[in-house]
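**Student:** This is what each chain is made of:
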Amino acid sequence: MSGTELTLTPEVVEAPLSTAPPTWVARFDGWTERLGEYLNPILVKECRQALKSRQFVLTFALVLVCGWLWSIVGIAWLGPGVYYRFDGPEMFYGYYIILAFPLIVVVPYSAFRSLAQEREDRTFELVSITTLRPRQVIAGKLASAIVQMLVYLSAISPCLTFTYMLRGIDVMTIVFVLLYLTAGSIGLSIVALFGAAVSRERYWQMLSSLGLALGLFFLFTGSCGLAFQVLRMQAIQVDDPDFWMANAAGLTAYLSYGALLYLAAAAQLTFPTDNRSTPLRVCMLVQQLLAIGWMGFGVWYAEMDGRSVPLAMPVINLVIASTVHWYVMGTFLTGESPQLSRRVMRQLPRSFLGRAFLTWFNPGPGTGYVFAVANLCGVVLLSYSVLALVSTDAMMPPFFGVTWEDLARFGIITVGYAAFYLGLGKLLFQAMRRTSPVTMAGALLVQALLLLAGAGIPLVVQWMSDYQDTVYSAAHITNPIWTIRLAVGPMGGGALVDWPIVWGVAGGGLAVFCLNLPSVIQELRNVRVAQPARVAAEEAEERARISPTVVVPRNPWDEGGETR
Amino acid sequence: MVASHPMIELRHLHRYFGRTRAVNDITFTVRRGQVFGYIGPNGAGKTTSMRILATLDTPTSGDALVDGFSVVDDPDRVRRRLGFMPDYFGVDPNVNVREYLDFFARAYGMRGSERKRALSYVMDFTQLEGLATKPIQGLSKGMKQRLCLGRTMIHDPGVLILDEPAAGLDPRARIQLREMIRRLASDGKTILISSHILTELAEMCDLVGIIEQGRMLAVGTVHEIQHGHSGKQRQSWVRVRVLGGGQALANWASERGDVQEILVDGENVSFAHTGDVESEADLLRGMVQANFRVASFASQTKSLEEVFMQVTEGLVQ
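Here the protein sequences come in this chain order: S and W.
Following the working numbering, the numbering of the first sequence begins with 1 at its first residue and continues without gaps.
Following the working numbering, the numbering of the second sequence begins with 1 at its first residue and continues without gaps.
Just to be clear, a hint being listed does not mean it is correct.
To be verified - The calculated lysine to aspartate or glutamate pairs, modelled on EDC-like cross-linking and capped at a C-alpha distance of 16 angstroms, are: (1) W:K116 to S:E37; (2) W:K134 to W:E114; (3) W:K144 to W:E114; (4) W:K116 to W:D87; (5) W:K134 to W:E99; (6) W:K144 to W:D124; (7) S:K52 to W:D87; (8) W:K141 to W:D187; (9) W:K116 to S:E33.
Hints are computed from structural coordinates only; laboratory data are not their basis.
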């Protein structure tokens, strides 16, 4: 850095020193100012902007006015019955609608516009060349959305307290409905930020803006319906252990997908030569492990509770969900560029263990392909192991119609299809890259078309020969949806897919996997490159400044420690 | 410690957009404390190469280094050392001047008194103290440019990339901005500046590069560019006023090998002279020794505009 000295202006140097003891207001002010130093700069800027914006002032005023009007109209409508009837839920529902609109529609849409407009106005470029990291940018935008939510919540909270006094609604119902609403709003804001990060071109921004607005409005009406049902059926049962189980499981899914979207949004803003893939892969793996954990816990819990539940069904559902999950994730992973930047190559694992286990987290379509297929394979094996471990002999034989053989067929087919379609897509991307770059949207489109062709072409051929005959046959082996559905049988009623088809799918998957092996091996040959001398010199300077003697290993997989 | 490496270095930089070669094999270096003027018509590739240096774009091939760090491999280290002033001013709504600068100071990781000092220094430097609470949408073009320069230097970077900073400014604002850039240069900042106003660049820059259609046509000091961009000897236009009539001087001068294109207008004689400053001095001494009553002797070399037009002749569309 250059050494231009920053000079103190006389005003700063000669600030008058007060002799009077500071008041508690001044102390509080100083404390908040010190706290503000550690806040995300984007949050500070967005709050300054948003709280002065016309949109916020208008929405806030509308929330207040609507809340006030509903209080008057509602009480007038309820009449004298308000003194002896249980009218809390009705009044609460009105306030819920008033609050849900800004939280479900306005706040997420503002979050989207906030990032999209920065890109349109090119102010984002100026932010991107500061030392702020992309994750800080997304976190700042999200935090700003949360602040807005809190302001709206605080505006309507006296009204919500008032509904409790009208009887008919308990505190926990109010708390949980508000928690769901706030969590939903935060989740939608993350989705909106992801949408803004993904859509770089103006036409994509317009399309996603329109889609988001319609989607949010649809969700708003849906949430109003859901809230009505919750209030009517008094679904918040805090005494029921299943309620907490369902909430904990839902929270896990919410947090893990929220983290994935957050990381994906940040990855979209990350410099092209940076490693965008590894954090996402780690998140996907953790998400998968959590799902298996919850499945195992659910099966164990049901058995401990002595409930008669079809134990195979959670496993089948988990494998189906995982297949969809890894197919979508695998599409993005196989769409990555095979060229590793020098920056990424500086961070490649060096040790044997590191190269064996961590290589699959490196960016690249080959490692991504193996990562997705191996994870799906792992899900099948782990979930079957959990099932075998926790199920007792008494419950073992039928699994409500599903046998171990059916499960084996099902497992082989799901992994086989994933290996086949993802591998075929990867080979196609490889060929396409010779003429033009492949974008993530392009990869998604190609995979969707492949799946559509695999499922649709045999059906069309069959309908052309005999449109009335829609019976499954070996010709539909390329149709993963139909084949997987039949592999577990209707509602677990036994498999309807023969072993030759199973082996056909497995063979196809294996063949495509083998065809992809050369490019995978090529990616595995990437080795760590040395840091440039200039970077090494600066890091040595920084280390020497911090501590000249302490030796700290950088990670458990690395061969040597570093002097810090 | 003075770094041995250049502060800015472009190594065979290429940037293609489809078939368009926006930047085509550009190589040059700028050392610490130098001001490099980037000259070229619209669409020549100046902004593209500046954006690559500012880590807003990546090259198709080649590399660019700032203080020895690659913009491709170490953009985060480059960003700490570099301030970029683009040719546009993104307006953040509902933000005043102080809040705008405060945000960027925070974004560069400055806290507490460090941030306050930086804000105070920058607002003083750019003469924006009186406008601290003014919304930035309401600023004039000149004020915006000063604010933009303030943002660029808020984290005290060693390298400044200024893309058309004087574009659209009135003469007063332009002079103010030029003074600020001069002060920055005298503080030891390395500056890469592009401008269409070549006379200003000639006054400010230690080095000048002429770029056209993505290619660097000439690089060197202003003096080198003006006098020897294509390997020719220095040529200047000399005007002499001789009391008693100029024809005799014209006859005398025509016998010299370093004088061409002689024009006579009464007492005034003009001609092209090939040679350095020493040679010019010898020419004047020769006139005096030959008893010509020289009332005035003025020598003028080609302006940067003329050199630019000559270098880019046939390329500029």
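**Student:** Next, verify each hint and record whether it holds.
**Tutor:** Against the structure, the hints come out as follows:
Restraint check for K116 of chain W and E37 of chain S: the C-alpha separation of about 11 angstroms stays at or below 16 angstroms, so the hint holds. Under the criterion of a C-alpha separation no larger than 16 angstroms, the hint pairing K134 of chain W with E114 of chain W is inconsistent with the structure, at around 23 angstroms. For the suggested pair K144 of chain W and E114 of chain W, the alpha carbons sit about 24 angstroms apart, so the restraint of at most 16 angstroms is broken. Between K116 of chain W and D87 of chain W, the direct Cα distance comes to roughly 27 angstroms. Violation of the 16 angstroms bound is thereby established for this hinted pair.
Restraint check: the Cα-Cα separation between K134 of chain W and E99 of chain W comes to about 10 angstroms, which is no more than 16 angstroms; the hinted pair holds. Proposed proximity of K144 of chain W and D124 of chain W is supported: the alpha carbons are some 15 angstroms apart, at most 16 angstroms. With a CA separation close to 28 angstroms, the supplied pair K52 of chain S and D87 of chain W exceeds the 16 angstroms bound. A threshold of 16 angstroms between alpha carbons decides the hint, and for K141 of chain W with D187 of chain W the separation of about 26 angstroms lies outside it, so the pair is violated.
A C-alpha spacing of about 13 angstroms is found between K116 of chain W and E33 of chain S, which places the hinted pair at or below 16 angstroms, so the restraint holds.
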